[in-house]
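Fit chain E to the known structure of chain U by using the hints.
Those protein sequences? They're chains U and E, same order as listed.
Numbering (my numbering) for the first sequence: 1 to 290.
Numbering (my numbering) for the second sequence: 1 to 214.
Incorrect hints may have been included.
Computed list of lysine-lysine pairs in PhoX-like fashion (alpha-carbon distance at most 20 Å, straight line) [what the hints assert, rightly or not]:
1) E:Lys190 x U:Lys242
2) E:Lys176 x E:Lys161
3) E:Lys190 x E:Lys176
4) E:Lys161 x U:Lys242
5) E:Lys91 x E:Lys176
6) E:Lys161 x E:Lys190
Beta-carbon label-pair distances, calculated as ranges [stated by the list, open to error]:
7) E:Ala174 x U:Asp44: 32 to 40 Å
8) U:Leu40 x E:Ala32: 40 to 48 Å
9) E:Ser90 x U:Lys178: 52 to 60 Å
10) U:Glu133 x E:Gly193: 26 to 34 Å
11) U:Asp257 x E:Gln142: 49 to 57 Å
Heads up, incomplete: computed chain U residues facing chain E, CB under 7 Å, no partners named [what the hints assert, rightly or not]:
12) Gly111
13) Ser116
14) Ser176
For the record, the hints were derived by calculation from the structure and aren't laboratory data.
Predicted model, so just to flag it, every value in this text is computed and none were measured.
Virtual Cβ for every residue (Gly too), placed ideally from N, Cα, C.
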Amino acid sequence: MAAWLDEMLSSGPILTDGAWGTELQARGLALGEMPDAWNLSHPDRVEAVARAYVDAGSRVVLTNTFRASRIALENHPEVDRVVELNRAGVAISKRAAGNDARVFASIGPSGKLLLSGGVSKEQLAASFYEQAEALCEGGADAIVVETMADLAEAEIAIEAAKATGLPVVACMVFDSGKHKDRTAMGTTATQAAEALGALDVDVIGANCGNGIEGYIPVCAEYAAASDKPIWIKANAGIPELKNGEVVYDTTAEEFADFLPRLIEAGATFVGGCCGTSPQFIQALKDKLAK
Amino acid sequence: MSDDPREKLKSCLLNLDKNGLLQAVQAVVAEANPEAAQDAVDALAEGLQIVGRRFQEGEWFLGELVYTGELAKEAMGQLSPLLKSSGAESKGTVVIGTVAGDLHDLGKNIFGNYAASAGFEIVDLGVGVAVEDFARAAREHQPVALGMSCLLTVCAGSVGKVIEELSRQGLREALKVIIGGAALTEEFAKDVGADAFAPDAVTGTDIIRAWSCE
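The shape of chain U in the complex, shown without the other chains (with noise of 0.2 Å):
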């Protein structure tokens, strides 16, 4: 593991950011703009979600490239200029992030199943080393592989982010079953930390979901099933549309109001997904200060 890493684990919990998406709504991202595109449009707006981070209190701030693989970007007019795009979603956040917070790269995953054919896993594998490699050379801390759904998805991202040499944080997100403990390909949380642990990632972690109590559980069946560090980002409950626009039922405060437990349960890492804001890291800063 990364010296500085190890030296940021000992510290105890360290915050990330939240939700991108919604802040980028706010300071104008049209519905069914890509969002990664104004890394290049208008990084001043990004820099300033990334800034509000860690204004709020982020040691993590993550990165604007969640969709910029090639694959991801299938059909959008900014394909082609997917290292572009990588490169300049870790600026912007390494401006924000000046020496306050470290920046952790985001790749998400590809949105095609390999399942179904519908894409390859070589197809899979050029796509993520091109947008691993470009997050590397733009400056990246750490990359985050997250809100994978797929093991077999994730591993080939894990196998590209870590050619690159940097750390790397593995994430899935458990939102299926009977009890939204499992992904929606059926993997529980043990199985995914096993299968994670054995690729040799840095980090551990889940995000998205179906809001912060549900990862209590899941982060408490990592901690059991592996002794790699633990990185929960929940979202702020279950999405709803009321008259168009998207609602989150969890505040700030009570998303808070769980963080002891699940410190408890053996996060390292936390910050939010979906439907959170600088309010709920300010929150959680609040709570850890307590």
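This is chain E only, laid out in the frame that chain U set:
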């Protein structure tokens, strides 16, 4: 396992046994009997209903749903020429697509496979489909239903725009609108004036099947 090819077909589907399923389909095709082919299609539909129930109850997951959808599609591809030669009619055309701004095709594709397996002709417009392209397809293909998929909440607004455009062009009354995808809900469907919300591909197929019987 039963010697009845139709029972075998169903059990192979539920055991995710591709080779067994295709052998069972071949046995039916070899009979060259439209009635036997129709029985086989019905058996597949029964199997898919069970898949759907297992998925809805959290017993099975996306992998099984996708895989059985693919198997059923392949089986239907071999059985449907027999049905057509017997003059059996399609249940009608269904136009499907993922709305503008959203490039996710998985849910749409699963629904397309399931609906095709239930006897519908599918016109798949792909992903990121513009409002006017949905309307054009509705005019050209005169479908019994139009299905819109939307995974990204930020793109949900496109669903209502398509329905408004169908109304504006006088196309809305002639078809039913069904919507689905992680971004959408039953309540949203009511708000935008869709006829139905499908939480998954199996339910969606059940809904359009019921419509076709009306």
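(Q) Going through the numbered hints above, which ones does this structure break? Give me the numbers in ascending order. (A) 7, 8, 9 and 10
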